[in-house]
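Residue numbers (the numbering used here), protein chains in the order written: chain A, 1 to 167; chain B, 1001 to 1771.
FYI, nobody ran anything at the bench for these hints, they're computed from the structure. Quantities reported herein were computed from a predicted structural model and do not represent experimental measurements. Just so you know, even glycine gets a beta-carbon here, dropped at the ideal spot from N, CA and C. Careful: at least some of the hints might be erroneous.
[As the list claims (entries may be wrong)] Chain B is nowhere near these chain A residues, computed Cβ spacing over 10 Å in every case:
1. P56
2. D61
3. D76
4. E128
5. A158
[Unchecked claim] Okay, derived cross-link-like pairs now, SDA-like style, lysine to any residue, Cα gap no bigger than 25 Å in a straight line:
6. B:K1608 with A:D61
7. A:K159 with B:P1711
8. B:K1245 with B:N1279
9. A:K159 with B:S1744
10. B:K1378 with A:D68
11. B:K1608 with A:D68
12. B:K1232 with A:A110
13. B:K1608 with A:G149
14. A:K159 with B:K1353
15. B:K1510 with A:Q152
16. B:K1608 with A:A110
17. B:K1353 with B:Y1387
18. B:K1510 with B:N1498
19. B:K1608 with A:R87
20. B:K1415 with B:K1353
21. B:K1245 with B:H1193
22. A:K159 with B:E1256
23. B:K1644 with A:D61
24. B:K1608 with A:N162
[Claimed, not checked] Derived contacts from chain A toward chain B, CB cut-off under 10 Å, selection only:
25. V79
26. R84
27. L143
28. R151
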Amino acid sequence: MGTGVAPRWPLAGLVLGLFTGCAMPPSGGPVSLPIPAETGEQPRPSASGERKVVMPAAVHDLVARAEDSSAAGEHDRAVAYLERALRIVPRNAIIWQNLAVVRYRQGQYAQAESLALKSIALAGNDAELKRQNWVLIGAARQLQGDEAGARQARAWAAKLANSSATP
Amino acid sequence: MAKRRRKQPNRKQNRPRSGRSLRRLLLFLLLLLIAGGAAYTFWLNRRIVNEFEGKRWAIPARVFARPLELFPGERLSPENFLVELRAAGYRESTNVEQPGSYAHQGGSFRVHTRAFRFWDGGEPARVLHVRFGGDGRVAVVRNARDGTSLPLVRLDPAHIANIYPARREDRILIRLDQVPQPLVEALIAVEDHRFLQHHGISLPGIARALIADIRAGRWVQGGSTLTQQLVKNYFLSNERTLWRKLNEAVMAVLLELRYSKRAILEAYLNEVYLAQDGNRAVHGFGLASRYYFDQPLDQLALEQQALLVGLVKGPSYYNPRRYPERARARRNRVLDAMREQGFASSAEAQRAKRQPLGVVSRPPSSNTAFPAFMDLVKRHLRRDYRYEDLTSEGLLIFTTLAPAVQHAAEQALAKRVRRWLSGTEGAVIVATVEDGEVEAVVGGHDARYAGFNRALDARRQVGSLIKPAVYLTALERPQRFGLGSLLSDTPITLQNANGQIWTPRNYDRKHHGRVPLWSALAHSYNVPTVRLGLEVGLRAVADTIQRLGGQVPATVYPSLLLGAVQFTPLEVTRMYETIASGGFRTPLRAVRAVMTPDYEVLSHYPLKVARAFDPGPIYLLRYGLQEVVRQGTARGLSRWLPPKLYVAGKTGTTDDTRDSWFAGFTGQRLGVVWVGRDDNGRIGLTGASGAMQIWGDMMAQLPLQAFEPNPPQRVRRRWIDAQTGALATAHCEHVVELPYIQDSAPDGTSECARSASEVDRAMNWVRRLFN
């Protein structure tokens, strides 16, 4: 039921969720990419939370270009920029998620799902990012006809929505 | 009979009218001749036009390494930066005036980059200032002209190979406007000074040639115009007959009627044969410039241009490497001719004549320096491209080769193998951990030798390298096994259906009683591994191997658990890549993209991932593989690597030390090394004393990044009773802290922990009371 509608709303949510979300104040332009820390840089997250390492400006630059390309419908070019960014910061969960979103926009749902799972595996304690990924996975699975999997993903997303309310 | 009867009446009839019919016959023959001549000319015209317009020179695909990305904060040593610059053909020069040059003082570089168009955008030529900090990182990347800092620069990549057809005619295509004016002038002065006036043939030239030929009594002089020479080259015939010369002349005139001088000249400059390099024929001035001077054509000095022009007359006779005096005399004659015809001043010609030949002693190799890597690239491309297209369409191929990593791998392998028994060989593959890009492939200790590629083709027993698959299978069953679960290391004898008996033994020939699972992996004990494998089931282990990316025979035996299965280093890399990347199958890639010469992207091979394992068990396995390095069979790595890098790895040794393996990964890259003999003889090396040494040497040359993955959501650190494997708490006796899957207690909860939790509950009650 509702299969005709389901594909639409998560996409809209994702477009917003991807390029504007993730609790970063927009700087300058109308949209800005969330780029927090270079994850996996420090040996271990301390109890007081992860030490944020400043992301090379190079990565900002590439992700911004990817954003423009994807917005212009040039998804393959966006993928190229994101892959370059990943070569610099291979374990940045947000870039993996961006890649997942671009694949989703291209209709490559299986790859979108895998990339989002990869993003989750690298997301550490970032509950909001994980939630966004589960939303994307839910939508991607739905579109691949995997009803049960989609439901499971949405349940994860809902669970994370509750937990992220308490920091 | 019938013939004769008919002939006789004919003769009778012809005789009286012979005069008239002879004239008629002659007329007919004349008409036939004219018609035939016209038809023949028409045919020649078609032939030459087809050749000229349809001429698509077979241009081999040009293959590039991955470009170096430069940005502040990057982990890169000045030494590796130098390796990258040299691989990309940069030359040291104090003034860095030319693109492709650099100067450096300690950790401060000035680099004049070359403009380069990538498949996803371009980079301009510019002078960079790059400074390295003391911390193994790039501190500053600036535009040296205006001082602006640059967030990200891609250097033009190293050109690592060409893909040639069997008959190797090679050239670098040039446009007329890329050719220096003096070169064109010299060519016209020497080869055909009336080129701009004649119509394809030069009558005075032919007359002179004929006189010379008559004097000599044979064909000695060409007397050919550039146009005639071009025609001659097109049809590749060297016979010196009048007939051929006539054809040549007719076609030259036809060509001139139809095409401009510029078009003909440009074709000539690209077509002319200028050197023989082994089985490769060097055609055109573009490639000749590289071949003789290792420089692009537009950067040649006057005397260098004159030498190239001089070589047109006879590339082998005037070969400047073999006959420098002949070549010098020839060059100087060209310079004289230029002066005589007013293309060069006396002073210029004199100065140029004093210069040395300037030829590089060894031509830039047309054989790739990276045959083993190129082997992988070709196999990859052959899936999508026809061989003819790869060798003729001038495609641009962007690969993942990282010159500094390749260099480190080659050096490490060559250095070690030299010290071992003669006949010992090896192979290395390095790939990036998260995106599966192959950075280096070495197929043998002589990395330049394009023979047997052991990295891709040596299918050998892997020994203990297979064990992670056994332990991963167990760790995927968290209700049955944890890292602290005790395994029995007591003698075991197996018998198969045929009655064959197998008694696995530990490498140290000892039994260790009951050993924790992580320790059995870290020390690579065979007996507990066999027991564990049989407990989880051979089929389950085989299934895990397949999910990791390996192929397993249909029928498996318990000896599989100790690695009685053959894989190539590439296949091993594929499997360990899945472990290193956190349980995601990540296809190894050697090619990023393929582009046409017009910069149109034909294919892009994107990053792909597929989750093959839950992150939890992979994390636990990784912990075990870190213990291998921390205190197990690979603890010797501490010689090269600082502690706290969280390197994970596994050694492998096969029966009688025939194969020595090491597979290990840091935060960035995975390296797999194999050492053995091609005849499968003994080498007397274990995984640790053989392959691991190469791995350590190699990784020590490369930037290292401490990395410990964040534990997945469902993994918690737990105190485990080392004597029982049961859950315990920090204050219990002989406990160790190990990561465990949440809510799993495969070996129960210890007495001590149970009483502790009662105390905890009591404490909580007290706390609540006071809050």
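Results for each hint:
1. Not every CB of chain B is more than 10 Å from the CB of A:P56 (nearest about 5 Å), against its label as outside the interface.
2. With a closest Cβ-Cβ approach of about 5 Å to chain B, A:D61 is found to fall inside the 10 Å limit, against its non-interface label.
3. With a minimum CB-CB distance of about 6 Å to chain B, A:D76 fails to clear the 10 Å threshold, and the non-interface call is violated.
4. Separation of A:E128 from chain B is adequate, the least Cβ-Cβ distance of about 14 Å exceeding the 10 Å criterion.
5. Even its closest Cβ contact with chain B, about 16 Å, leaves A:A158 beyond 10 Å, as expected for a residue assigned away from the interface.
6. Between B:K1608 and A:D61, the direct Cα distance comes to roughly 23 Å. Compliance with the 25 Å bound is thereby established for this hinted pair.
7. This hinted pair checks out: A:K159 and B:P1711 have alpha carbons roughly 19 Å apart, not beyond 25 Å.
8. Distance restraint check for B:K1245 and B:N1279: the Cα-Cα separation of roughly 29 Å exceeds the 25 Å cut-off, and the hinted pair is therefore not satisfied.
9. Restraint check: the Cα-Cα separation between A:K159 and B:S1744 comes to about 22 Å, which is no more than 25 Å; the hinted pair holds.
10. Note on B:K1378 and A:D68: the hinted pairing is violated, with a Cα-Cα distance of about 34 Å set against a maximum of 25 Å.
11. Restraint check: the Cα-Cα separation between B:K1608 and A:D68 comes to about 22 Å, which is no more than 25 Å; the hinted pair holds.
12. For a cut-off of 25 Å, the pair hint linking B:K1232 to A:A110 is broken: about 58 Å separates their Cα positions.
13. At most 25 Å may separate the alpha-carbon atoms for a hinted pair to count; B:K1608 and A:G149 meet this at roughly 21 Å.
14. Straight-line distance between C-alpha atoms of A:K159 and B:K1353 comes to about 83 Å, which puts the hinted pair past the 25 Å bound.
15. The hinted pair formed by B:K1510 and A:Q152 fails the criterion: a straight-line CA distance of about 49 Å is larger than 25 Å.
16. For the proposed pair B:K1608 and A:A110, the alpha carbon gap of about 10 Å is at most 25 Å, so the pair holds.
17. Restraint check for B:K1353 and B:Y1387: the C-alpha separation of about 46 Å exceeds 25 Å, so the hint is violated.
18. A hinted pair counts as satisfied when its Cα atoms are at most 25 Å apart, and B:K1510 with B:N1498 does not qualify at roughly 28 Å.
19. Taking the CA atoms of B:K1608 and A:R87, the gap is about 14 Å. The hint holds against a cut of 25 Å.
20. Distance restraint check for B:K1415 and B:K1353: the Cα-Cα separation of roughly 46 Å exceeds the 25 Å cut-off, and the hinted pair is therefore not satisfied.
21. Distance restraint check for B:K1245 and B:H1193: the Cα-Cα separation of roughly 20 Å lies within the 25 Å cut-off, and the hinted pair is therefore satisfied.
22. Distance hint between A:K159 and B:E1256 is unfulfilled; the C-alpha atoms sit about 80 Å from each other, more than 25 Å.
23. Simply put, B:K1644 and A:D61 have alpha-carbon atoms about 32 Å apart, too far for the 25 Å limit, and the pair is violated.
24. For the suggested pair B:K1608 and A:N162, the alpha carbons sit about 32 Å apart, so the restraint of at most 25 Å is broken.
25. The criterion of a C-beta within 10 Å of any C-beta in chain B is met by A:V79, whose closest approach is roughly 6 Å, and the hint holds.
26. With a least beta-carbon distance of about 7 Å to chain B, the hint placing A:R84 at the interface is held under the 10 Å criterion.
27. The criterion of a C-beta within 10 Å of any C-beta in chain B is not met by A:L143, whose closest approach is roughly 17 Å, and the hint is violated.
28. The restraint placing A:R151 at the interface with chain B is violated, with a minimum CB-CB distance near 19 Å, outside the 10 Å limit.
When held up to the earlier numbered hints, the structure conflicts with 1, 2, 3, 8, 10, 12, 14, 15, 17, 18, 20, 22, 23, 24, 27, 28 and fits the remainder.
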